[in-house]
Structures are given as structure tokens and as C-alpha cells.
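As you go down the protein sequences, you meet chains D and H in turn. Residue numbers for the first sequence follow our numbering, so the first one is 30 and each next one is one higher. Residue numbers for the second sequence follow our numbering, so the first one is 9 and each next one is one higher.
Just so you know, not all the hints are guaranteed correct.
[To be verified] In silico lysine to any residue, SDA-like type, Cα no more than 20 Å apart, as pairs: (1) Lys237/D x Ile415/H; (2) Lys359/H x Trp374/H; (3) Lys202/H x Ala215/H; (4) Lys196/D x Ile297/H; (5) Lys237/D x Val411/H; (6) Lys436/H x Leu199/D; (7) Lys436/H x His143/D; (8) Lys196/D x Ser441/H; (9) Lys168/H x Pro148/H; (10) Lys359/H x Ser441/H; (11) Lys436/H x Gln184/D; (12) Lys436/H x Phe377/H; (13) Lys356/H x Ile109/H.
Just so you know, the hints here were simulated from the structure itself, not pulled from any lab data. Everything numeric in this text was worked out from a predicted model, so none of it was measured.
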Amino acid sequence: MLFSNILIYFVIIPLLMLGGFSLCRGEKAVRAVAITGSVLLLGLSIWVLCDYIALRRAGETAEMLFQGSWMWYEPLNIHLAVGVDGISIAMLLLSSIIVFAGSFASWKIDNIRHFFMWLLLLSTGVFGFFISIDLFTMFMFYEVALIPMYLLIGQWGTGRKEYSAMKLTLMLMGGSAFLMLSLIGIYYQAGLHSWNLLEIANNAHIDKSWQYFLFPMCFVGFGVLGAMFPFHTWSPDGHACAPTAVSMLHAGVLMKLGGYGCFRVAMFLMPEAANDLAWIFLILTGISVVYGAFSACVQTDLKYINAYSSVSHCGMVLFAILMINTTAMTGAIMQMLSHGLMTALFFAQIGMIYGRTHTRDIRLMGGLMQIMPFLGVGYVIAGMASLGLPGLSGFVAEMTIFVGSFEHADMFHRVFTIVATTSIVITAVYILRVVGKLLFGPVQDPHHRELTDATWWERTSVVTLIVCVAGIGCFPEFFEWLIRYTFNHDIFHAIPAAIQSVGI
Amino acid sequence: MDYSQFLVMHREIALLAVFLVVFLYDIFMPKRALGATSWVAVGAFALFTAYSFLMPGTNETAFAGMYVSSGACAAIKNILNVGVLIVLIQATKWADSDLQIMRRGEFYELLLITLFGMYLMISGRHFLIFLIGLETASLPLAAMVAFDKQRYESHEAAVKYMLTAVFSSAIFMMGLSFVYGLTGTLYFSGIADKLSEASPLLICALAFVIAGIGFKLSLVPFHLWTADVYQGAPTSVTAYFSVISKGAAAFAFMVVLAQCFGAFYADVWEWMLYALIILTITVGNIFAIRQKNMKRFLAFSSISQAGYIMLGVEADSAVGLTALMFYVLVYIFSNLAAFGVIGAIENKTGKVEMTDYNGLSRTNPWLAFAMMLAMFSLAGIPPFAGFFSKFFIFTGCLSQGSVAIYILVLIALINTIISLYYYLLVVKAMYISPEEPQIANFRSACPERIGLWICVLGIIALGIVSFFYDSIYTAASTAGIFASL
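Using the sequences provided together with the hints, build the complete structure.
Next up, the structure:
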């Protein structure tokens, strides 16, 4: 029964891989298991995607497909409940692509067996989070995804790794402390004796005064992981010190857990409070968007630049979600996909460049395009996606977000939309500055001339990500269809009329 | 008198039988057979544990209601038995060491007797029985603390413990005398019937009772003995202290408060506990950050853990009781794993400072792994059992549902972050610190490894397999929620 549900394999495959790693002797076996597993995961998510499309085309109208629910803790009515809609599938696809690319990017890491064990524990958490529709299991997987970061950064990181690992873990777990309280609060205040997301959304109405209490905690709890100002400070340090694959997974997938959680739990279950309190968080995320971009302009460490740019782009995700209208929310999901892929591409290449030059300071590097053209071109493509060049993913996402935001006719929303839009220009400034300094211009260090270009496993990682970035950019209507279906048919019909009048 | 009443106490009687077996074996067996004393104790206790698990926990009373047996009492006794069994297994190496070999029989005997006292505390429904249990459970512990005869700290700790234990008992009895003055009875049910209003005398009495048991549980501000005693006592005794006597006292505390003073929850003791919990968790955590000695460190960590256990008492409901018992169960496994590692290293090298653990993962990967799981479980990180017990105790506490309780839980949750910090310090020393390893690779003794394996399996399985929580819940709720625990 449990094993007949396809979604459960998203958790079982990583767990089997964990078991496989513990049996492995030698690096080759570890790599073999890692690659096999990540290919399986990728295949599984594509399979689920196709199945989902087929079912939808056949006229399936359930809110979530592939649902399954198994009793776990009976006294508290906790289930292991799974189910996906278009948004979750998009996230699953993103995660499996990044796990795949990340496995290739960490081909030559020390102590590879333990590294992959922690990485796969992290992935278990991520996949488990995206497939869960039970608040308890969702929260459990959320925390499972957080703690391996500590050891991954601490053991395999660079620079001030002990400090950064501790800071990151404590801040994220601090967020999840608020989250835990708000989830238990939702359970009691909904009064259904149920942790099931859909049941609560469809059948319960949380008292408005409780919503005012629980919503901010829930939103901040997830928002910490979404790098919302002023809780973003773990992000630059953490990303800068993390090893390549961890930066990729973290910026690419883990930060999306925050946005997804804000949307799926905070906004979905407490829509009235979301509507009334959105302005507070709009101000905070607006600051994230602009401040992140400005900070990126003055950094000289490649990873810090991208970490701050992540703060800015992830801020955009939360910003768009808070607009509470279909267009902006569609844009938010697109932005999650786009930013996940693009930033993973960035971090992969930064890791590769750092592995060769042993520095990430852009003042010490230059002219790398002559030396390693493959990585150079990849970096430019990632940069173009980041600054929103049409044809790549960033453009589609940001365009949708800003069009959606501008649909609000009042002064407050329009002013903030305009302020946030400036980040596009600032992004162009820091991206072009780095590209110009790093890739073109004179070679700064004569030793760099002897460096080699990307190896085959690095190329695999980079090409996969570039194809996906371009894929979203060229076929946005497909992804939009996948996501929009959810907004139009699945979730929001359940939301009280109070919110529907706002414009969903 | 109907002597068949004694059969209601069959668990206590069986425990006394174990005690007698060990005692007689230790005294009468020829010297060459004494090498097996430890294994006789462990084996007899293992049989007793199995017996206790197999016997159903029926609802019965004996001696005119002074003693009750119920599903909940049986469940907490079983939980304690498992913990004691692990402690005994882990202690064999230490007890068989040259310095202790002459006295190891006494160690097992004293330990079993204190457990007997805890049983009386758990099942007693008359303050006389309760008090006898409390004293039996605490006085022999002083002798156990002083067991490392050649170490000065051990003596100091024993004296400290003795003085505070006696003092706290005196305070507790003062409270009882007030209660007796108010009601004229010492039966729990009688007290609940006769008390009608929250008079100042009752408030005083409650404060004294809570302070008296608070000493046993080392709640702040009654915790001052804890760190020194934990540090000075032999590691096995510290392990016993930190989990078993705490677990028994917590359960008994809940029974006393709910059964005798249940009517005054909202007026009186909800707020007393409220303040105690906040103080206990916060002070325990803040002091734990600064500790360099592993045993002192775990002493403060166990103070703050006691605060979390008290959240179950604060819930004042069957869900809270279940959460409390489950928390104790998980805490037993997590803390004993930590003490198992500390004991193994101490027995081998004599090192107990946190800096000694630097780079342990490179020399002794399995010990480091067990310690890491213990730390994660204590900090409440999924998928380990500690996460589930923390989640359930918060859920249990929030079943009260007032805004004040939400704030209390929020403070407790923020404290989990502080505790995560210092638990991660240990993980950091073992896994991340670049310094040279202080402890060379060694193979720990077989019983130590068995004990650690049990703990590690428990940490992994207790949360993921819902069976344990479900059976505790059944036990706690079939006893007819609070009326007849």
C-alpha cells in the first residue's frame, strides 16, 4: 500500500542511496551510487511530471494528485500524507535536476562517502518536504533538510567555516522554532484534529485573531530560509563557506523551501491575516530585493556576490507571493525555478573556477575567457539569465512578477513595485562588472595561463543546468500552464470569499 | 488482613527478589564465583524487565487505596526499567575495575533499592508511602555518589547531595504538614475532596511541595547541587541520576499535582510551574554554554531538559502525561548514549574535558557517531527520537490553549536554539575542529558497546516507529484520564 504510491519513492531512493553509501568501499563505488541514484530521481520526477500532465489532460480535477495517506501517530492523528500539484512537481523537478548536477560537480571531493551521505540526507529532507501535505511530516522533513548543512559546511567548507556553519544552523533553526509553534497552533485552532493541509484549508476556518498571531510566525519561520530581510545574514556567510554542491543545493533548492512554505502553509491556511498583514512583509521583502542587489555591487568575493544576489532574487519570490494575485504568484513560482537553476549554475562554476585558481577574489583574476572558454561562456549565460535577458529563465519570471504586482492599482503596491523593479538595473550592474573583470580584460596572474578548462563531469553539470535555464526561457507557457492550473482550479477555490475579492 | 493485596505490588516484589538474588550472591558465593556478580545483576534485572513488560498493567488498588497499580504506572516503570538495564550494562566495566571490584555488589544493591523507592513514589497514593519512596530513592544515592572513594570530588559531591536531599525532604514535609492541617488526611483522593478554596496556607503548602520535589528534579532555583554532584559522582551514577531519578520524580510530580491539587491548576500552580519552567530552561541553557567539563555540561543540559519535561506537567491532561512519559523514554536513550560515550572514554583515558573530544571522529568514528546522535536527539533534530518527543511535549502543553501557554512554549522553543548551539559545540569538537586528536583509537569494552548500540537503535527507532508512543498513550488514557492515574 505504502509502496504503491509513486511519490514515496522520492524519499525511498535517497534513503536507499544512504544505505548504499554505507556499504561502499572506494571512491568509484560512491560515485556510481550517487550518479545512479540521482539519475533515478531525475527520471522519477520526469515520470511524475508526464503522468501528471496526462491525468490533467484527461480531466482530473482533484486538488492534488497521487495522494496517499498513512496513519503514523494515531493519538495525535498524524499521518504520513503525500500529494502533489503542479507547483510541487515543478519543485521536485528542480530539486532532482540540482541533485543530479551537484553530484557531478562534487566528483573530486575529499572523504567523498561521508560527503554524499550527508548530502543525500539533505535531499531526503527536501524531497520529503515537497511531497508532504501533512503539516507534521512537512515540518519534520524541513528540519531534516537543515541540519546536514552544519556538517557539510563545517567539514568540507572553506574560509570561516565554523562560524558560518554555526550561524546558518542557528538562524535557520531559530526560524523553525517559530514555525513549530505556528504549526501546532494551526492544528489546535483549526479544531479539526487534523494535520492535513488540504483538510484544514477546505474545512476549517482559523479564527481571525489567531491568524494575526500565527501568520507572522509562520511567515517569518519560512521567511528566514527564504532570506527575508532582516533575517538574511546567514545566507552570504553560509554560501561563501559552503562546498560547491552544497552551495548549489542550498541556494538552488533549500531557499525555495522557504518560499514554497510561505505560500503553501502561511498564505494558504491563513489567507485573511495574509491579506491584512501583507504590507509589513512587503516592506521587508522589498528591502531584501533592493538591498541584496546593492550589496552584491560592492562585494569582491565571487560567492558573496552571488549570495547577495540570491537574497535579492529570493526576496523577489516572497515579494511576489505577497501580492496575492494569480499573475504575480505564477511569477513567484517561475522565479523559484529560474533562480534555483541559475544560481546553481553560478555556484557550480564558481566552485570550478575556485578549484583552479584557489581564489574567489575578482580583483586577483581576469581574462579567464581566454584560458577556460567553456566555463567563461557558462558564466556569461548564467549572468544573462540573472539580469533577465529574454530567452533565458530570468526574464520570464521577473516580467511576470512585475506585471502581476502592477495589477494592484493602489499607491503603496505601485510604489513598491517600482522600487523593486530598480533591482533589475542594479543586477545588470553587478553582473556585468563581474563578467567584465573576471572573464575579459587582462590576465591578472600569469600562473592562471596554465589552468585547464572544465573536465567532462564538470561539463555535464554545467550543460544540464544551461539547458534547463534556456528551456524555461524558451517554453515558458508550458511551465505557466503547469502552475496556473493550480491557481485556477485547485487550491484557491477553497479560500474564503474574503480573499477572492482581493483578486485571485 | 487480606495478604493477597500484596500481589498488586508484584512488580515491587519482583524487584526485591532481584535485589535479594544480587545481595545473596554477593555475600555467600565463593570468591572465585564473584567475577560474575555484574552479569548476575544484569541478567536478573533483564529477566525482571522482561517480566514487567509481559505483565499487564491492570487498574487495582491495595491497602485501602494507599497503593495503586495502573497502566500508566506500569508503563513508566517499564520505561525506567529499560533505562536501568542500560545503566547496568554500561556500568559493568567501571564496576569491575580494580578500584571498585571490592564494592561492586553494594553498587548494584543500592541502585536497585533506589529504584524500589521510585516505584513507591510512582504508585503511592498516600503521602506516607510517597515519602518513604522519596527517601528510599534519595538517601542511598548519596552513598552511590561517594563511590569513587579515592577521588576527593566524589566525597564532596556526596556531602552536597546529602545536605540538599535532606533539606529538600524537610521542606517537602513542611508542605505536607500544612496540607494535613488543612484536610486532616494524607490520601491523595482525600486531599482533593477536602480542599475547596485556594487559601494562603494552601498556596504555601503547594509552594513547599513543589520546592521539595523541585530539588529532586533540579528545577531552577533548586538546582544548585546538580552540577557539582554530576561532576563528582562516578559516570555511571551520574547517568542514573540524570535520567532515572529524574524520570520517576517527574511522573510522581505530575500525579501529585494533578490528583491532589488538580482543582487549583488555573489559580495556583499553573503559574508557579510557569515561572519555574522558564527559569529552569533558560538558566540551564545559559550555564551549559560555558561548561568545559562534559559531565558538568550534561548536568546543565539535564537541568534544561527537566524544564521541558515539566511542560508535560503544565499541560495537565492525558496528552501531556503521554508526552511526559515519551519524553522521559527518549531522554533516557539519548542521555545514556551521551554518558555511555563519556564513560567509555573516561574508563579508557580518564579524559572528560570537551577539548579532549577534538577530532574524535578521526580516531574513534563510532563513538563520535553515537555521541553526535545523542546530541542531535537531545537538541531535537529529526529524524531522531528527540525531535518527536520535543514536538509532542509542545503539542501536549499547547492543548491548554491559552495565550500565556503559547508564550511559554515560544520561550521554550527559543531556548531550544540556545541548546542547539551548545550541543553543536560537541559535534563541532568531534567533527570539525582541525586540532590534533587527543584520544587515540581504542576498542571500547564489549558491554559498553552493547549499551551504546541499544541507545543508538533507540534514538533512531523510537521516533520513526509510532508503536512506542501509541502504547504509552493507551496506557496513559485507559487509566481514565486524570481521575485514577
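These are the hints, each one checked on the structure:
1. Lys237/D x Ile415/H: Measuring from Cα to Cα gives roughly 18 Å; hence the hint holds.
2. Lys359/H x Trp374/H: Status holds; Cα separation ~18 Å.
3. Lys202/H x Ala215/H: With Cα atoms ~19 Å apart, lysine 202/H and alanine 215/H stay inside 20 Å; holds.
4. Lys196/D x Ile297/H: holds (16 Å)
5. Lys237/D x Val411/H: holds (14 Å)
6. Lys436/H x Leu199/D: Roughly 14 Å between the alpha carbons, so the hint for lysine 436/H and leucine 199/D holds.
7. Lys436/H x His143/D: holds (16 Å)
8. Lys196/D x Ser441/H: holds (16 Å)
9. Lys168/H x Pro148/H: holds (14 Å)
10. Lys359/H x Ser441/H: Judged against 20 Å, a Cα distance of about 18 Å means the pair holds.
11. Lys436/H x Gln184/D: holds (9 Å)
12. Lys436/H x Phe377/H: holds (12 Å)
13. Lys356/H x Ile109/H: Holds, at about 17 Å.
Of the numbered hints given earlier, the model fails none.
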